[in-house]
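Asker: Sequence:
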Amino acid sequence: MDTFSELDFAVYDCIINNRERVSSMTIKELGNLAHVSTATVLRFCKKSGVNGYSEFKIKYKEYLEGKRDALKDDGTTELQSFLKTINSEDFQSSISNAYGFLQNSQCTIFIGVGSSGILGKYGARFFSNVGHFSLFIDDPWLPVLQKLAENTVTIALSESGSTRQTVSIASQLQQRGSKLISIINNSNSVLAKMADCNISYHISEALVNERNVTTQIPVLYIIETLAKKLYNSSRQ
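When you line the sequence shown up against this note's numbering, it's residues 910 to 1145, in that order.
To be clear, the hints were calculated from the coordinates, so they are not data collected in a lab.
Some hints could be false.
What the hints assert, rightly or not - Only pairs whose alpha carbons sit at most 27 Å apart, straight line, appear in this in silico DSS-like list of lysine-lysine:
{"no.": "1", "residue 1": "K1137", "residue 2": "K968"}
{"no.": "2", "residue 1": "K956", "residue 2": "K1056"}
{"no.": "3", "residue 1": "K1056", "residue 2": "K1030"}
{"no.": "4", "residue 1": "K955", "residue 2": "K937"}
{"no.": "5", "residue 1": "K1030", "residue 2": "K1138"}
{"no.": "6", "residue 1": "K970", "residue 2": "K993"}
{"no.": "7", "residue 1": "K993", "residue 2": "K1138"}
{"no.": "8", "residue 1": "K968", "residue 2": "K955"}
{"no.": "9", "residue 1": "K955", "residue 2": "K1138"}
{"no.": "10", "residue 1": "K993", "residue 2": "K968"}
{"no.": "11", "residue 1": "K1056", "residue 2": "K1102"}
{"no.": "12", "residue 1": "K955", "residue 2": "K966"}
{"no.": "13", "residue 1": "K968", "residue 2": "K956"}
{"no.": "14", "residue 1": "K956", "residue 2": "K937"}
{"no.": "15", "residue 1": "K993", "residue 2": "K956"}
{"no.": "16", "residue 1": "K1030", "residue 2": "K1137"}
{"no.": "17", "residue 1": "K966", "residue 2": "K993"}
{"no.": "18", "residue 1": "K993", "residue 2": "K955"}
{"no.": "19", "residue 1": "K955", "residue 2": "K970"}
{"no.": "20", "residue 1": "K966", "residue 2": "K1030"}
{"no.": "21", "residue 1": "K1137", "residue 2": "K993"}
{"no.": "22", "residue 1": "K966", "residue 2": "K956"}
As the list claims (entries may be wrong) - For each label pair, taking beta carbons as the anchor points, the in silico distance ranges come out as:
{"no.": "23", "residue 1": "S997", "residue 2": "K956", "range": "37 to 47 Å"}
{"no.": "24", "residue 1": "I925", "residue 2": "N1141", "range": "28 to 38 Å"}
{"no.": "25", "residue 1": "Q1083", "residue 2": "S1005", "range": "16 to 26 Å"}
{"no.": "26", "residue 1": "N941", "residue 2": "K1056", "range": "25 to 35 Å"}
{"no.": "27", "residue 1": "I925", "residue 2": "K1137", "range": "32 to 42 Å"}
{"no.": "28", "residue 1": "I967", "residue 2": "S1005", "range": "19 to 29 Å"}
{"no.": "29", "residue 1": "S933", "residue 2": "G1009", "range": "29 to 39 Å"}
{"no.": "30", "residue 1": "K1056", "residue 2": "S1143", "range": "42 to 52 Å"}
Computed from a prediction, not measured in an experiment: that's the story for all the values here.
The beta-carbon is built from N, C-alpha and C at its ideal position, and this holds for glycine as well.
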């Protein structure tokens, strides 16, 4: 979805809102319903990883019928892979860069929606508990203060790295002078490219009934690691 245009999102929203009808609709009917051209629908299909509308309908029907791999109830392999990542030079460099921004900040603002929003609230509380003033914002329509505290740092949480509400809030805060740290799964996403410092954890995505159930243990680890570094430095 990183490369979706407004017209692509119009097709996407139309499909989500008419999921049971899509498999029986022609490309022209879908285009008319979404108020876009058939060429736009075809571009949407290709961006979604299929060669045409017919293939898209087949894949989408299978998706709705639940013809997907079952969830693995043993996440040991994924966690072992992440633990190996922790020791990599790139990961440690990202942690150090993020810590460098946070060390000099007067305030840290966590942002995110959905499951990432819940983690954002946890992050703000954890940072505050170790003595580092932090806030959480999940409302994209909340007016951002014209003047932020000196050296404010924003930590954006998003599994995909392309959640529109989170991107919007991050952009507003950056325009007000905040540095941006992104903690995301997709290192090629919009937020990763926007960020002054990006920390990616590269865990396999898992979906159930269109809902993301990708493990968030790496996010908790990263949040707590940064907070503990701040606490330890404040005692020296």
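Asker: If a hint holds in the structure, say so; if it does not, say that too.
Answerer: So, going through the hints one by one against the coordinates:
1. Between K1137 and K968 the CA atoms are separated by roughly 45 Å; this puts the pair beyond 27 Å, and the hint is violated.
2. Proposed proximity of K956 and K1056 is contradicted: the alpha carbons are some 39 Å apart, above 27 Å.
3. In summary, the hint linking K1056 to K1030 is supported, as the alpha carbons are separated by about 23 Å, within the 27 Å threshold.
4. Among the hinted pairs, K955 with K937 is consistent with the structure: their alpha-carbon atoms are about 16 Å apart, no more than 27 Å.
5. At roughly 19 Å between alpha-carbon atoms, K1030 and K1138 fall within 27 Å of each other, so this suggested pair holds.
6. Under the criterion of a C-alpha separation no larger than 27 Å, the hint pairing K970 with K993 is inconsistent with the structure, at around 38 Å.
7. Distance restraint check for K993 and K1138: the Cα-Cα separation of roughly 20 Å lies within the 27 Å cut-off, and the hinted pair is therefore satisfied.
8. Annotation: proposed proximity of K968 to K955 holds, straight-line Cα distance about 13 Å (limit 27 Å).
9. Distance restraint check for K955 and K1138: the Cα-Cα separation of roughly 44 Å exceeds the 27 Å cut-off, and the hinted pair is therefore not satisfied.
10. For the hint linking K993 to K968, the alpha-carbon distance of about 34 Å lies beyond 27 Å, and the restraint is violated.
11. With a CA separation close to 24 Å, the supplied pair K1056 and K1102 stays within the 27 Å bound.
12. At most 27 Å may separate the alpha-carbon atoms for a hinted pair to count; K955 and K966 meet this at roughly 12 Å.
13. Note on K968 and K956: the hinted pairing holds, with a Cα-Cα distance of about 14 Å set against a maximum of 27 Å.
14. As the CA atoms of K956 and K937 are separated by approximately 18 Å, the hinted pair is consistent with the 27 Å bound.
15. As the CA atoms of K993 and K956 are separated by approximately 32 Å, the hinted pair breaks the 27 Å bound.
16. Restraint check for K1030 and K1137: the C-alpha separation of about 17 Å stays at or below 27 Å, so the hint holds.
17. Between the alpha carbons of K966 and K993 the distance comes to roughly 39 Å, so the proposed pair goes past 27 Å and is violated.
18. A distance of roughly 34 Å separates the Cα atoms of K993 and K955; the hinted pair therefore is violated under the 27 Å criterion.
19. A hinted pair counts as satisfied when its Cα atoms are at most 27 Å apart, and K955 with K970 qualifies at roughly 17 Å.
20. Note on K966 and K1030: the hinted pairing is violated, with a Cα-Cα distance of about 39 Å set against a maximum of 27 Å.
21. A distance of roughly 20 Å separates the Cα atoms of K1137 and K993; the hinted pair therefore holds under the 27 Å criterion.
22. The straight-line distance between the Cα atoms of K966 and K956 is roughly 14 Å, inside the 27 Å bound, and the hint therefore holds.
23. For S997 and K956, the hinted distance range of 37 to 47 Å is not satisfied, since their beta carbons lie about 31 Å from each other.
24. Between I925 and N1141 the beta carbons are some 46 Å apart, a value that contradicts the proposed interval 28 to 38 Å.
25. Under the hint 16 to 26 Å, the C-beta atoms of Q1083 and S1005, about 21 Å apart, fit the expected range.
26. At about 48 Å, the CB distance of N941 to K1056 disagrees with the hint of 25 to 35 Å.
27. With their beta carbons about 40 Å apart, I925 and K1137 fall inside the hinted range of 32 to 42 Å.
28. Judged by the Cβ atoms, the range 19 to 29 Å given for I967 and S1005 is violated: they are separated by roughly 47 Å.
29. A C-beta distance of roughly 55 Å is found between S933 and G1009, which places it outside the suggested range of 29 to 39 Å.
30. The given range of 42 to 52 Å is broken by K1056 and S1143, whose C-beta atoms sit roughly 25 Å from each other.
In summary, the structure is inconsistent with hints 1, 2, 6, 9, 10, 15, 17, 18, 20, 23, 24, 26, 28, 29 and 30 from the numbered list given earlier, while agreeing with the others.
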